[in-house]
Amino acid sequence: AQSVTQLDSHVSVSEGTPVLLRCNYSSSYSPSLFWYVQHPNKGLQLLLKYTSAATLVKGINGFEAEFKKSETSFHLTKPSAHMSDAAEYFCVVSDKSGNQFYFGTGTSLTVIP
Amino acid sequence: KAGVTQTPRYLIKTRGQQVTLSCSPISGHRSVSWYQQTPGQGLQFLFEYFSETQRNKGNFPGRFSGRQFSNSRSEMNVSTLELGDSALYLCASSLDPYTDTQYFGPGTRLTVL
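From first to last, the protein sequence lines are chains Y and V.
The opening position of the first sequence corresponds to residue 6 in our numbering, with each subsequent residue numbered one higher.
The opening position of the second sequence corresponds to residue 4 in our numbering, with each subsequent residue numbered one higher.
Some hints here could point you the wrong way.
Stated by the list, open to error - Only pairs whose alpha carbons sit at most 30 Å apart, straight line, appear in this in silico BS3-like list of lysine-lysine: (1) V:60 to V:16; (2) Y:47 to Y:63; (3) V:16 to Y:73; (4) Y:63 to Y:74; (5) Y:63 to Y:73; (6) Y:74 to Y:54; (7) Y:54 to V:60; (8) Y:73 to Y:54; (9) Y:74 to V:60; (10) V:16 to Y:47.
Said to hold, decoys possible - Sample of chain V residues lacking proximity to chain Y, with all beta carbon distances greater than 12 Å (derived): (11) 15; (12) 23; (13) 59; (14) 88; (15) 105; (16) 115.
By construction, these hints were calculated from the structure, which means they are not laboratory data.
We put the CB at the ideal spot given by N, CA and C, even for glycine.
Please construct the entire structure, taking both the sequences and the accompanying hints into account.
So this is what it looks like as structure tokens:
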């Protein structure tokens, strides 16, 4: 069975400092992994995805994530937080058929001016 | 290219009523997935349609149903509404969920009174 665990329900950082949002996954095969962001009253927007190519994945808005099979992790990072990064972030794994996505419970990111 | 559109954006119903939500995928996308998002349960997969066929279904009661038309537009129906059905219902489309990115619509906010 596939699942993801987002280790922090809430993360607070100061503007200009690094962001780290943690995600561990469980999958019985090589998974596809995604990070989505949801701003208030908006739908979900894809930040980046991993599909067994390069382990360091670069996404939009300066975000990137590293797939570490040995640690079953797919943490999201950004070198310098911006106020506009304040949102809810979801780590997602898809099943082998790709017909179903499993969402983490989300991490709420607050950026302090 | 126009994004995923969902109508209506907001809906208020009373217990026992039924509701139909609509999703228009990105042009050319044949896969449409539906999700329910609530503060308590997070994002949960409802079902996925591909070329008018339901390929996968999440763990929801039979009151939740859907269909997809030949133009890939999809509808979701909830009968005999309960208070717990109040949620944001998100639709996502893709060429193929496993190999391609899912693009989410803004959602329909359903409130059951």
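Hints versus structure:
{"no.": "1", "hint": "V:60 to V:16", "in the structure": "holds (25 Å)"}
{"no.": "2", "hint": "Y:47 to Y:63", "in the structure": "holds (23 Å)"}
{"no.": "3", "hint": "V:16 to Y:73", "in the structure": "violated (46 Å)"}
{"no.": "4", "hint": "Y:63 to Y:74", "in the structure": "holds (17 Å)"}
{"no.": "5", "hint": "Y:63 to Y:73", "in the structure": "holds (15 Å)"}
{"no.": "6", "hint": "Y:74 to Y:54", "in the structure": "holds (15 Å)"}
{"no.": "7", "hint": "Y:54 to V:60", "in the structure": "holds (23 Å)"}
{"no.": "8", "hint": "Y:73 to Y:54", "in the structure": "holds (14 Å)"}
{"no.": "9", "hint": "Y:74 to V:60", "in the structure": "holds (29 Å)"}
{"no.": "10", "hint": "V:16 to Y:47", "in the structure": "holds (22 Å)"}
{"no.": "11", "hint": "15", "in the structure": "holds (16 Å)"}
{"no.": "12", "hint": "23", "in the structure": "holds (19 Å)"}
{"no.": "13", "hint": "59", "in the structure": "violated (4 Å)"}
{"no.": "14", "hint": "88", "in the structure": "holds (19 Å)"}
{"no.": "15", "hint": "105", "in the structure": "violated (7 Å)"}
{"no.": "16", "hint": "115", "in the structure": "holds (19 Å)"}
In the structure shown, a violation is registered for the earlier hints numbered 3, 13, 15, in ascending order.
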